[in-house]
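*Asks:* Taken in order, these protein sequences are the chains called A and F.
Residues in the first sequence are numbered consecutively from 632, following my numbering.
Residues in the second sequence are numbered consecutively from 83, following my numbering.
Where hints are given, some of them may not hold.
Said to hold, decoys possible - Below are the EDC-like pairs computed for lysine to aspartate or glutamate, each with C-alpha atoms no more than 16 Å apart in a straight line: (1) A:Lys751 <-> A:Asp696; (2) F:Lys215 <-> A:Glu656; (3) A:Lys669 <-> F:Asp238; (4) A:Lys654 <-> F:Glu182; (5) F:Lys215 <-> F:Asp129; (6) A:Lys654 <-> F:Glu213; (7) A:Lys669 <-> A:Glu704; (8) A:Lys751 <-> F:Glu190; (9) A:Lys723 <-> A:Asp696; (10) A:Lys710 <-> A:Glu684; (11) A:Lys669 <-> A:Asp768; (12) A:Lys752 <-> F:Asp195; (13) F:Lys155 <-> F:Asp238; (14) A:Lys776 <-> A:Glu684; (15) F:Lys215 <-> A:Asp657; (16) A:Lys674 <-> A:Asp729; (17) A:Lys669 <-> A:Asp696; (18) A:Lys751 <-> F:Asp195; (19) A:Lys723 <-> A:Glu704; (20) F:Lys153 <-> F:Asp238; (21) F:Lys219 <-> A:Glu656; (22) F:Lys153 <-> F:Asp245; (23) A:Lys776 <-> A:Asp713; (24) A:Lys689 <-> A:Asp729; (25) A:Lys752 <-> F:Glu190; (26) F:Lys246 <-> F:Asp129.
None of these hints come from the bench; they were simulated from the model.
Since the structure is predicted, the reported quantities are computational estimates derived from the model, not experimental observations.
So the chains spell out like this:
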Amino acid sequence: MNQSLLIFSLLLTFLFVLNSCSKTEDLITPYHYSIIPKVTNLKVDSVYMTFTERQAVKFSWSIPDTSGLRFFEIYRSQKNPDNYRILASNYKSYVYVDSTLPSYTDSLRLFYLVYPIGTKKDMRSGVEISYIGPPSDTLILYVYKKTN
Amino acid sequence: MKKLYVFFTFFCFVHILSAQYSFELDYNKSEDNQLNFYNLIDIEKFDSRRITGLVYSIFIPGSGQFYLGQKTKGALFAVTFISSLVGTLVSHNNFIGNRERIQSLEFEYLNSDRYTLSEYYWQQMVTVHSEQKLHEKSRNIFIASSIAIWTMNMIDYLFFTKDKGPIEFSSNFHLMNRSLLFSISVPINFVGAK
Numbered sequence: 632m633n634q635s636l637l638i639f640s641l642l643l644t645f646l647f648v649l650n651s652c653s654k655t656e657d658l659i660t661p662y663h664y665s666i667i668p669k670v671t672n673l674k675v676d677s678v679y680m681t682f683t684e685r686q687a688v689k690f691s692w693s694i695p696d697t698s699g700l701r702f703f704e705i706y707r708s709q710k711n712p713d714n715y716r717i718l719a720s721n722y723k724s725y726v727y728v729d730s731t732l733p734s735y736t737d738s739l740r741l742f743y744l745v746y747p748i749g750t751k752k753d754m755r756s757g758v759e760i761s762y763i764g765p766p767s768d769t770l771i772l773y774v775y776k777k778t779n
Numbered sequence: 083m084k085k086l087y088v089f090f091t092f093f094c095f096v097h098i099l100s101a102q103y104s105f106e107l108d109y110n111k112s113e114d115n116q117l118n119f120y121n122l123i124d125i126e127k128f129d130s131r132r133i134t135g136l137v138y139s140i141f142i143p144g145s146g147q148f149y150l151g152q153k154t155k156g157a158l159f160a161v162t163f164i165s166s167l168v169g170t171l172v173s174h175n176n177f178i179g180n181r182e183r184i185q186s187l188e189f190e191y192l193n194s195d196r197y198t199l200s201e202y203y204w205q206q207m208v209t210v211h212s213e214q215k216l217h218e219k220s221r222n223i224f225i226a227s228s229i230a231i232w233t234m235n236m237i238d239y240l241f242f243t244k245d246k247g248p249i250e251f252s253s254n255f256h257l258m259n260r261s262l263l264f265s266i267s268v269p270i271n272f273v274g275a276k
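Okay, chain A solo, but in the shape it has when bound (with noise of 0.2 Å):
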């Protein structure tokens, strides 16, 4: 019996020190994902020439939630998607016309990107400040010269 107790002392001292050992915590809740929803519905409407004979582009997209968005960011790149440069910013419509489309001799490929920009709560300070929301998908499109 003693021998029993002795034995049970020693395991529930060291099932106590095993369950004392510090734990993982649970990580924080995400919020990133609810401060401005994505950028939809991103397509073209129409290429036309211009009055001033300049080939332009129109597109359009939509946003699920406009609370906490101020205006949206337009970037473009061509030929491949690694060099985008913005085209507009401070936009507060749903559609873009892009006239500035860069020379080429037969064809040209761009990318388009549309960016929400919103507004959050700095942790530190509790000031409001800017937030750029998640990327559109990519509008991929492919421009060709007119032959007659």
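Starting from the structure of chain A, add chain F where the hints point.
*Replies:* Using the frame of chain A, we list chain F on its own:
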């Protein structure tokens, strides 16, 4: 982890039952049939050597057995215990490192000003968190094995280790072997030198 607890408890139960059984056999065989605590752990034989060995064994498993002359058993206990202790320390160190990395990533995540950065930090946090869970699991396994080895060491020391007697600094056997090898002996008569 629960499985480990169950296994460990079961293992100890088996040991306790077997120890009880062996005690009962010894008790029935004993002449005086006196049931007391001294019979249980054979404390009559607890001379100063056994107590010293017990203290050694409490702090470094296997050292008590080694002290009593059971060198192989002692070395086995010591090596397995130290290696599982090293495993525990390494796993715990990784666990703490992961926790600190998560804290710094959390800070970056909360202060990022764009979705792509937030997403990047979030994915990093998820990866490090899963690593931390793995390290926690391995640390607990190593702790449990260290505890098991320590307990087995104590049980072995208390119930199954016999004292082989003190190891003499230079035994006759040792000297005899030497003399066989070299066949040189110089008799020195200290009395004659006076």
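*Asks:* Would you check the hint for lysine 752 of chain A and glutamate 190 of chain F, treating anything up to 16 Å between C-alpha atoms as holding?
*Replies:* holds, 14 Å
*Asks:* Within 16 Å, alpha carbon to alpha carbon, are lysine 723 of chain A and aspartate 696 of chain A?
*Replies:* Since the Cα atoms of lysine 723 of chain A and aspartate 696 of chain A sit roughly 14 Å apart, the hinted pair holds (cutoff 16 Å).
*Asks:* Starting from lysine 751 of chain A, check that the Cα of aspartate 195 of chain F is at most 16 Å away, please.
*Replies:* Given that 16 Å is the threshold and the Cα spacing comes to 8 Å, the pair holds.
*Asks:* Given the hint that lysine 710 of chain A pairs with glutamate 684 of chain A, does the C-alpha gap stay at or below 16 Å?
*Replies:* violated, 23 Å
*Asks:* Quick one, are lysine 654 of chain A and glutamate 213 of chain F close enough, alpha carbons at most 16 Å?
*Replies:* At roughly 13 Å apart (the allowed maximum being 16 Å), glutamate 213 of chain F and lysine 654 of chain A satisfy the hint.
*Asks:* Quick one, are lysine 219 of chain F and glutamate 656 of chain A close enough, alpha carbons at most 16 Å?
*Replies:* Holds. Lysine 219 of chain F to glutamate 656 of chain A sits at ~13 Å (cutoff 16 Å).
*Asks:* Next pair to validate is lysine 751 of chain A with glutamate 190 of chain F; report whether the Cα-Cα distance is within 16 Å.
*Replies:* holds, 15 Å
*Asks:* Is lysine 215 of chain F close enough to glutamate 656 of chain A, meaning Cα to Cα at most 16 Å?
*Replies:* Since the Cα atoms of lysine 215 of chain F and glutamate 656 of chain A sit roughly 9 Å apart, the hinted pair holds (cutoff 16 Å).
*Asks:* Is the Cα-Cα distance between lysine 776 of chain A and glutamate 684 of chain A 16 Å or less?
*Replies:* Distance ~12 Å between lysine 776 of chain A and glutamate 684 of chain A Cα, so the pair holds.
*Asks:* Tell me if the straight-line CA distance from lysine 153 of chain F to aspartate 238 of chain F falls inside 16 Å.
*Replies:* holds, 13 Å
*Asks:* Given the proposed pairing of lysine 246 of chain F with aspartate 129 of chain F, does the C-alpha separation stay at or below 16 Å?
*Replies:* holds, 13 Å
*Asks:* Within 16 Å, alpha carbon to alpha carbon, are lysine 669 of chain A and aspartate 238 of chain F?
*Replies:* Not OK: lysine 669 of chain A and aspartate 238 of chain F at ~66 Å, beyond 16 Å, violated.
When each numbered hint is compared with the structure, violations occur for hints 3, 5, 10 and 23.
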